[in-house]
Structure formats: structure tokens, C-alpha cells
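Visitor: This is what each chain is made of:
Protein chains: 2
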Amino acid sequence: MTTQPLKIGFIGLGIMGGPMAGHLIRAGHQLFVYTRGKLPEDIANSSATQCLNARGVAERADIVITMVPDTPDVADALFGDNGVASGLTPGKVVVDMSSISPVETKQFAQRIEALGCDYLDAPVSGGDVGARNATLSIMVGGKPEVFERVKPAFEAMGKNITLVGGTGDGQTCKVANQIVVALTIQAASEGLLFAARAGADAAKVREALLGGLATSRILDVLGDRMIRRTVEPGFRIALHQKDLNLALGAAKSLNLALPGTAQAQQLFSACVAQGGAAWDHSGMVRALERLSSFEIGEP
Amino acid sequence: MTTQPLKIGFIGLGIMGGPMAGHLIRAGHQLFVYTRGKLPEDIANSSATQCLNARGVAERADIVITMVPDTPDVADALFGDNGVASGLTPGKVVVDMSSISPVETKQFAQRIEALGCDYLDAPVSGGDVGARNATLSIMVGGKPEVFERVKPAFEAMGKNITLVGGTGDGQTCKVANQIVVALTIQAASEGLLFAARAGADAAKVREALLGGLATSRILDVLGDRMIRRTVEPGFRIALHQKDLNLALGAAKSLNLALPGTAQAQQLFSACVAQGGAAWDHSGMVRALERLSSFEIGEP
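Going line by line, the protein sequences match chains A and B.
Basically this note's numbering = 1-based index in the first sequence + 14.
Basically this note's numbering = 1-based index in the second sequence + 14.
Keep in mind the hints are simulated off the structure, nothing from the lab.
It cannot be assumed that every hint is accurate.
Chain copies aren't distinguished; within one or between two, either way the pair holds.
In silico BS3-like links for lysine-lysine, alpha-carbon gap of 27 Å or less [unchecked claim]:
(1) K120 <-> K218
(2) K173 <-> K266
(3) K266 <-> K21
(4) K266 <-> K165
(5) K120 <-> K21
(6) K256 <-> K120
(7) K52 <-> K218
(8) K266 <-> K218
(9) K266 <-> K52
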């Protein structure tokens, strides 16, 4: 490695956190870990120090990363009994890489800063494949100097690392991304479904549209999946539902109406009702197909 | 010109048809024209023959192009008193370049084919700018050999000329395009509006999103317009409303539910209610802003 080894705490070693922590260890950093579940075997067999709780991690590390499922899990890891906050001393940095509420993130950051520490929100996109391959996109909110301090750790885990703005803006960017993706999936779905229902070749229409204003990576990549009718594996609808819950929850607290996002979430719910919680999110088209008892590909 | 001059009829010389006919004349084709409105000066001063009605055009030309506002106008031009149908003789081709219903297009084609003639639907995108610059995208439905026969005329008027499929598929493709564009505009609108409302810099979020799955030409080009708050000039909302009317009307007759398209149409209606009929369609974001009394750009 080209940088000084860092003393990094890692809380949450699940399907995302496990491989991410593994990359940090292989990059030469000194790790202190805690997870509620089972410790992954490669971490157990590594140089990482297993701690009794999140407090123990915060007492030993200079940079404490959390990678847990949802907003309440972050609240618990940071501020619960024997949480990170109880072990911090001034000058340390808390980096939440979970995808959680941007609104509550700002409150978490204030409480951490009140302890004389710094806070970055740094959610990722790219899923478990990106975590394993160290190709995650990382969207960061916080102070530039704190971002620079943590950057070597980010670089061990991801590829596109962007400081979007101040505290909370990383989470906001991630939520905005998931809103745009969900609604663009609906755009491609309704366009291709219309084309097929009207008797055209959806694949040819998709190709014709890719040259013009309608073009998007989703029409290209996920539109192709819709036509080929492949929904597994992929980015699971259940995960996108969680992200849109964040979007709609945050929007409510911000007094913002997002009618398209709400509708997209309902279509994902319809997919789940059809047994599609594990489908790729392009499977949203199947909820629209079911509405009209018609599938793309039928003549 | 590299091809034989064609005897082309042109019916409808408005903001689109006028410049399109002008390109055909300059390409060396022999034109027979009829329009309900005033004959454009450059056409009047050209080699084109002005006919008394659509019948006169069809009697003289081998290829008869219609470029009129809406489905009833095409019906009238083709099958009304002294319409195209009354002047056709076997072997001629009718090419409807208007943007109209794909469902009724198939009926029009059947009636024309019953007269021993051929029919192409060939709607365009690119607007009046594309018409003036001969850079229209042309989406064609019909038989391949008929497409080849008319191709030299298309090439005088446009750049991206695609035979999408059989009769009606050109109109279907155009409608699908407008569905995808409208819903992708809503996708960019809701994502950027969320980002701004949550306190992030919408421009930075847009940039961060352009690298990933959320990327689209609309997020790029129209997202920029949303942030800069420029809604004129552009593709007028009133025209996109007409296209979504076609989409929803055709969808109804096809027993297809398009909930996102319906919602997008309502947002365009809200823009019109705000005086935005002539706004660029990226102005849809303003209907969403009005819903929540918040504008992108406010801190």
C-alpha cells in the first residue's frame, strides 16, 4: 500500500460489510471489528481484532465504519448500550456506509460532533458484487478534510468515490439515485409494454429509442432484461423497496410530495405480492403486465 | 441528387410540413402540394405544383405524404370529400408522417391497401428545428420494399431513418418514445427535487448520478435545464400532452393500463394550468415543485 496503515473499526460484517472489511485488511490496515451475526471465516482468520461490542471498537480505532441494514440499526450501533458513542474520544471519525435516512443522518452527525469527533455519511451502490470486487460507488457527505483523511480506506473498497457535499448529502444522493432508477425503470417498462401490446417488436423499438432523447442505461440494460424475461439474479426488489421507503419517509418529513416515487413503490409491492421480492428491479414490468394480463413477448 | 426524381405529393405545409417539402424540392423531386392554411412563400415560388385539393395531389403524384396535426386530420385528408383515396390509382404509396394513433393507422392502411396501393406510417421526432435542418428521426412502419422505394424522400428530410416493423409500428414506436421520455423526465424531476429539498446541491447530485445506473440523456440535458430553470424555448408541453393523449387513447383501446403515463399527463396538465403550455417538457418539474411549494435552487 502507498499510504500509512489506519486503525479502522468495522461494525457490521454481513453480505456487504464482510467483503469490505476484508479489502481493508488486505490493504494493510489494522482492523477492529464487531458484528451481531457470525464473524466471517476470512475475518476470523485474519489480523483483525474482534471486539466485545461497538464501544470496544470505538475505544481502539481512529476511524469507525458502520455497515448495517437500516436507520434503527445505525442508531443502535452508535448510541445504544455499549455503542460507538460511549467509546469515542475527541478526534476520531465515524463513517456510516449504510444506506439510511438522510434526515436522521444529520441528527446522528450532530450528536457525534458534540463529542469532538467527525462524521461522514458514505453510502454505496454496486451491491454485494461491488463489495466483493471492491468496485463500489461511494457517495460521501461531510467536511473535505475529513473526506481526505478517510479516502485511503474508501479507495480500498470502491472505484467511483465522490464528495457530494456536507453531512447527509451522501445519503441524499443515494436516495435520489434510487428514486431516479425506480422511475426510469417504470419509464422503460411502460414504453416497451405499450410497444408490445400494440403489436410491435419491443426489441426493435428499444433499439430505435436508444438513439434519441429517450435513451438511458436502464432502457439499454434493464430494458433488454425485460424483453428477455430474465429477473434473476440482479438488484433485489426488496432492497429497492427499502430505498424507496427511505425516500418516501424522508420526503414526508421534508414536506415533499413524490407521486411517481409512491407509485413505483406500489408497483414493487405488487411484484412482492407475486412472489418477486428477490427479482431484479427490472421485474417491475411484471406488475404492469399483471395489471393488464399481458406480457411483453406475446404477439 | 444521386437518385431518380420522384413525383411526390405533400399535404400539410405547416411548421413541420413546410420545411420538409422545401427539402424535397431542393433535392430535385417534383412536388404536388395542398395545404388547408396559407402556402409558404418559398413553396409558392418554387417548382411545386399547387393542387386544388388532396384528390388532385393523389391523381398526379406517385408517393403522397401527409403531415397534418392529428388523427382526425389524417382521416379527413385521406378519406374526406376530395380526399387522397378518391384520387389514388393502384401502385401508388401513401406515407403518413403525422404523429397519430397507431390503432387507427392500421385501419387507414387497410383502406389504402384495398385500393391496390401501399401505406407507410413514418412519424418523426426532432421538432420544427429538425424539420428545418433536415435532421429529423423518422420511425417507419410498413413493407421493406415500399420503405426502400420511399427512402430517397426520407433521406432528404431526416438523419436517423429506421424501419421499425410492419404497418403501425412507426406510430407505435413514436408513442413509446414519448411515453419513455415523459416518465424519464418525471424520474429526473423527482430525484433532483428530493436532493434539493434535502439540502444537497442538485447540480452535484446530478453529476454524481450521471456516472451510474441512473444515467439518461434526460437527466443530463433536461436535468440541467431543471436546475438552471430555463423552460423556453424547447419541446412544448402542449405537444407532449397531445402525444400522451395518443398513448392513453391507444392504451385504452388495447386494454392496457399505463399508470405512470397517466400521472405524467396530469403533471403536464398542471403545468398548463400554471400557464406552461409553451414551456419545454422539462418544465414538468414545476408541477411537482408547485405541489410542495418548493423550488430546486432554494436552499
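Visitor: The structure should be examined with respect to each hint, and the outcome stated for every one.
Guide: Hints, verified against the model:
1. K120 <-> K218: Between. Shortest inter-copy distance 19 Å satisfies the 27 Å Cα cut-off; intra-copy 47 Å does not.
2. K173 <-> K266: For K173 and K266, neither the intra-copy (33 Å) nor the inter-copy (46 Å) Cα distance is at most 27 Å.
3. K266 <-> K21: neither (39 Å within a copy, 62 Å between copies)
4. K266 <-> K165: Classified as neither: same-chain Cα gap 33 Å, cross-chain 54 Å, threshold 27 Å.
5. K120 <-> K21: The answer is within: 25 Å in one copy meets 27 Å, while 70 Å across copies does not.
6. K256 <-> K120: within (19 Å within a copy, 44 Å between copies)
7. K52 <-> K218: Neither: 49 Å inside a copy, 39 Å across copies.
8. K266 <-> K218: between (40 Å within a copy, 23 Å between copies)
9. K266 <-> K52: Neither: 36 Å inside a copy, 54 Å across copies.
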